[in-house]
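Take a look at the letters that make up each chain.
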Amino acid sequence: MTTLDLQYDTPANPGNLTDDPRQRAPLVTGDNDFTSVTNKVARLAEKWPDLWWWVAFFIALNLFGLLQVLIGYLVLTGVGVWGNNQPVSWGFPIINFVFWVGIGHAGTLISAILYLFRQNWRTGINRFAEAMTIFAVMCAGMFPGIHVGRPWLAYWLFPIPNQMDAWPQFRSPLLWDVFAVGTYATVSLLFWYVGMVPDLATLRDRATNRLSQIAYGILSLGWCGSSRHWHRFERAYLILAALATPLVLSVHSVVSFDFAVAQLPGWHSTIFPPYFVAGAIYGGFAMVITLAVPARKLFGLEEIITERHIDNACRVMLGTGMIVFYAYSTEFFIAWYSGEHYERFVFLNRATGPYAWAFWTMIFCNLIGPQVLWFRQARHHWLGVMFAAMCVNVGMWFERFVIVITSLHRDFLPSSWAMFHPTWVDLGMLAGSFGLFFTFFLLFCKFLPVIAMAEVKTVMPQAHAHSGEHGEALPGEDAADYRPDPHWVERR
Amino acid sequence: MSQHATTTLPEHEMQPLGDRARRWSLRLAVVGAAGLIAGFIAAMIMPGEGTGLQRFAFSYLTGFAFALSIGLGSLLLVLTTHLFRAGWVIVVRRVIECHAAAVSVLSVLLIPLLIYVFSGSGWPYPWAAAVVPRHGEPGVHVEPGHDEQSVHDVAAEIRNSKFEIRNSDYGDPAAATASMMDHMIHVKRPFLNAGVFTLLWTACFACWSILGVWYLRSSAAQDRSGDPHLTNQREKFAPLGTLLFAATLTLAAFIGLMSLDPTWYSTMFGVYYFSGSMIGALATIILVLMVLQNAGVISSVNIEHYHDLGKLLFAFVVFWAYIAYSQYMLIWYAAIPVEQPWTIVRGLSTVHHNGFSYFALFMLFGHFVLPFLFLLSRHVKRHRVMLAIGAAWMLFMHGADVFWLVLPPYQHETFPLPLPEILCMIGATAVLLAGAARYAAGVSVVAYGDPRLKDSLNFRNY
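Residue numbers (numbering that gives the first Met the number 0), protein chains in the order written: chain Z, 0 to 491; chain A, 0 to 461.
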């Protein structure tokens with residue numbers, strides 16, 4: 000009987016990147032135990048920030064300040080400060096809104112859907128992905144609010160009983176957005192916070208100054224780690240995951256309705272709901288990778304956010320990118336197949352019209368650049384990973400630009416055709432929204448546990464000290480020690 | 000998490016099924032042939048809006064699309080479980096693999112459809128008519144032999160006269176629809192023609208057959224050799240296979256089902272057919288596993304596997320509703336004339352009532368609301384009889400869904416009694432199952448050579 004030559008752990012394939020199907024790769028590498036994981040994560044919230052943090056925070060805070068100044072200028076002057084015109088009545092604000100809502104999708108996908116799918120690797124990245132979701136939704140929610148023309152009346156969007164018996168237009172998808180995004184933000188915030196309670200209690204117990212003890216003490220809701228607490232925690236987490244799962248699909252579906260319910264060629268496409276959801280996850284994962292790759296290095300978390308986590312995130316990104324590719328192809332094919340003059344024109348205009356540069360930027364960034372991730376070498380090198388992620392970040396913004404601008408700028412009446420030119424306020428607000436996002440994200444990194452310590456510990460071998468008595472293979476455990484066939488045993 | 004000691008695999012589950020499966024295959028083939036012949040007879044004698052042969056064209060397509068969806072759903076399950084390196088599925092995967100491989104057998108059932116297309120009758124596809132129907136006229140006759148040049152002449156005539164037709168048809172929706180049909184058939188001619196139809200279906204079946212058979216063979220080879228590299232190999236090709244699958248399924252759905260109304264189009268249609276396919280496949284797999292278990296062929300499948308299959312079935316019930324609702328709502332909301340007739344003939348209108356109006360409500364409640372409430376329960380998914388009821392119901396509703404997609408263009412003012420369609424669906428599905436049983440004859444019922452077998456045998460939901 001020949002012996003199989005299994006060269007899985009070659010130098011080109013180190014760490015926990017093994018493809019050996021007889022094992023489940025360990026999700027925490029190095030010589031770590033529960034204590035070391037707690038020390039590595041809690042230390043980040045306890046120590047004085049590094050220089051790079053201050054530099055990044057300074058830049059982000061300035062951009063955030065710029066955003067606030069520009070909002071003030073907008074409110075005082077009116078929406079004419081933007082480049083919006085007729086026929087391009089939707090410009091940068093709606094593009095930025097859809098872009099940021101999309102970014103906000105990955106967090107809940109990782110926390111809720113991957114949790115229901117039993118994807119244990121999510122524990123390494125779910126906390127900061129959820130935080131990213133909250134801040135991205137904040138950025139997103141801001142844009143429609145300031146786009147209504149009279150932002151001080153934005154509360155009219157809510158169905159508040161009033162003496163005039165005036166109600167919002169319930170048949171408008173923009174109103175659906177208010178409910179969809181509002182629900183999503185609420186559930187995401189709850190999910191994020193509930194999952195963080197045990198870790199906040201850890202920070203409370205380790206706090207050395209009075210202020211931290213009080214702050215973390217209030218936030219940790221009296222958590223003491225009793226069985227009863229854990230039982231309730233697990234139940235709440237599962238219920239929130241189940242609630243958040245349809246929300247991941249519904250939010251961006253509703254966002255897509257903003258466009259798809261219209262009779263406008265380029266917007267009215269029945270595939271928009273799942274296509275937008277896939278695009279959102281694509282963009283969201285790109286942002287997760289953009290943040291995770293430097294964060295694991297700068298925070299010294301390479302043994303918790305391992306190369307396997309990055310590899311898996313790249314695969315998810317590639318997969319959702321393929322769905323986006325499918326949607327683009329279907330749209331173009333159906334534009335031809337429809338036999339409709341206007342449908343065909345819009346798609347030809349996208350590829351060959353005055354905004355062809357934006358269209359081909361989108362195609363390169365979303366469909367061509369990220370294809371490097373098919374190659375193992377690219378997925379396992381920070382340069383390849385960051386190249387693909389940055390491509391998608393840019394590409395997904397341009398996707399929304401292409402959808403919004405190119406469908407509008409040449410409408411049914413050629414005499415009303417016009418180009419859209421963003422103003423400095425448009426560009427400043429886009430930059431400022433990144434400032435808002437990173438300001439809050441950096442504050443989160445400084446004050447809250449960036450890794451879900453309690454959850455990571457559940458996927459470590461130490462949490463399954465009796466795993467030998469169990470049947471299934473756990474991370475890091477050999478899955479192949481069962482073989483009823485004597486020949487097989489002999490071969491191994 | 001598991002609290003149980005390692006389970007072992009019974010010896011008989013590692014033996015090829017052999018003659019037993021061949022006997023099943025033969026019986027199922029007989030049922031398949033009998034079903035299709037009975038469907039033909041029923042179509043010929045059923046009252047309807049066209050001739051018996053015309054009705055059979057639609058009935059046969061219903062049966063074909065239904066059986067194909069089960070095979071394709073199985074193929075995607077094989078591909079995606081490799082894509083995600085799933086461990087829980089190993090015990091049940093061989094049964095799924097056999098169904099996926101059996102898609103190749105369904106290529107035989109394509110022949111009658113090709114005969115219909117090349118006959119120039121225009122059934123079930125109006126674009127395949129040698130004589131392009133014209134409103135208010137007996138037809139522009141192209142004789143003899145309906146050669147291609149003559150069809151182009153007809154198209155040119157339509158093109159040149161379309162404005163005249165539209166003006167003269169003003170205020171007459173039926174006439175407007177007919178002239179639009181003429182125009183659309185003309186502009187879509189590069190895609191909607193017998194040559195592309197044949198080429199596309201041939202390419203699709205080649206692709207599905209290669210994928211299905213290769214995955215089964217690789218898995219069976221692993222039983223003999225135990226080589227874990229085979230798992231790597233299958234996982235390596237899974238992404239490419241999934242891409243090919245998505246492209247071919249979509250094109251097949253477009254030309255096979257969407258083109259029943261050449262004026263209508265929907266970018267969602269491929270996804271819609273896919274969502275139904277997954278329901279059909281999962282329901283079938285659950286039922287087949289239960290039958291095999293009752294027959295004592297497989298005993299390693301336990302309630303945990305059924306629970307996971309039930310969860311997937313539930314997920315796709317919701318997914319189907321999401322896709323169906325999105326497609327319908329967007330068409331309803333935009334109210335574009337070219338899109339609406341497709342929904343109106345299927346009873347999805349509060350203004351135009353027809354034979355499918357109550358059927359549309361039946362789809363809403365039967366395909367989504369009731370199964371959603373039923374399968375939501377953990378208890379149901381972990382109870383064999385209840386899950387079997389749920390799976391059988393969903394298989395029935397998936398059949399109703401395919402019927403709903405295909406039949407209305409044939410007859411919608413009154414509801415067509417679906418006896419020929421039911422018989423054709425039974426017949427075509429029996430052919431698929433006969434193919435699956437034939438493939439099962441040469442392999443064991445469990446992929447015992449898979450390195451993740453232990454994961455699956457001891458899998459527990461938590």
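These are calculated hints, taken from the structure and not from any lab test. A portion of the hints provided could be inaccurate.
Said to hold, decoys possible - Pairwise CB distance ranges (calculated):
hint: 1; chain 1: Z; residue 1: 153; chain 2: A; residue 2: 377; range: 58 to 68 Å
hint: 2; chain 1: Z; residue 1: 231; chain 2: A; residue 2: 377; range: 30 to 40 Å
hint: 3; chain 1: A; residue 1: 234; chain 2: Z; residue 2: 457; range: 18 to 28 Å
hint: 4; chain 1: A; residue 1: 18; chain 2: Z; residue 2: 460; range: 21 to 31 Å
hint: 5; chain 1: A; residue 1: 11; chain 2: Z; residue 2: 367; range: 44 to 54 Å
hint: 6; chain 1: Z; residue 1: 229; chain 2: A; residue 2: 18; range: 34 to 44 Å
hint: 7; chain 1: A; residue 1: 234; chain 2: Z; residue 2: 74; range: 51 to 61 Å
hint: 8; chain 1: Z; residue 1: 158; chain 2: A; residue 2: 110; range: 54 to 64 Å
Note that the structure is a prediction, hence the values are computed from the model and not measured. We treat Cβ as the ideally placed atom computed from N, Cα and C, and that holds for glycine.
Each hint, compared with the structure:
Our hint of 58 to 68 Å for residue 153 (chain Z) and residue 377 (chain A) is violated, since their Cβ atoms are close to 42 Å apart. Taken as a hint, the range 30 to 40 Å is violated for the pair residue 231 (chain Z) and residue 377 (chain A), whose Cβ atoms sit roughly 19 Å apart. Our hint of 18 to 28 Å for residue 234 (chain A) and residue 457 (chain Z) holds, since their Cβ atoms are close to 26 Å apart. Look at residue 18 (chain A) against residue 460 (chain Z): about 47 Å separates their beta carbons, and that is not inside 21 to 31 Å.
Restraint check, residue 11 (chain A) to residue 367 (chain Z): a C-beta distance of roughly 52 Å satisfies the suggested window 44 to 54 Å. Checked against the hint of 34 to 44 Å, the C-beta distance between residue 229 (chain Z) and residue 18 (chain A) comes to roughly 55 Å, which is inconsistent with it. In this structure the supplied range 51 to 61 Å holds for residue 234 (chain A) paired with residue 74 (chain Z), their Cβ-Cβ distance being about 55 Å. Take residue 158 (chain Z) and residue 110 (chain A): their Cβ atoms lie about 59 Å apart, and the range 54 to 64 Å holds.
The structure fails hints 1, 2, 4, 6 (numbered hints given earlier, in ascending order).
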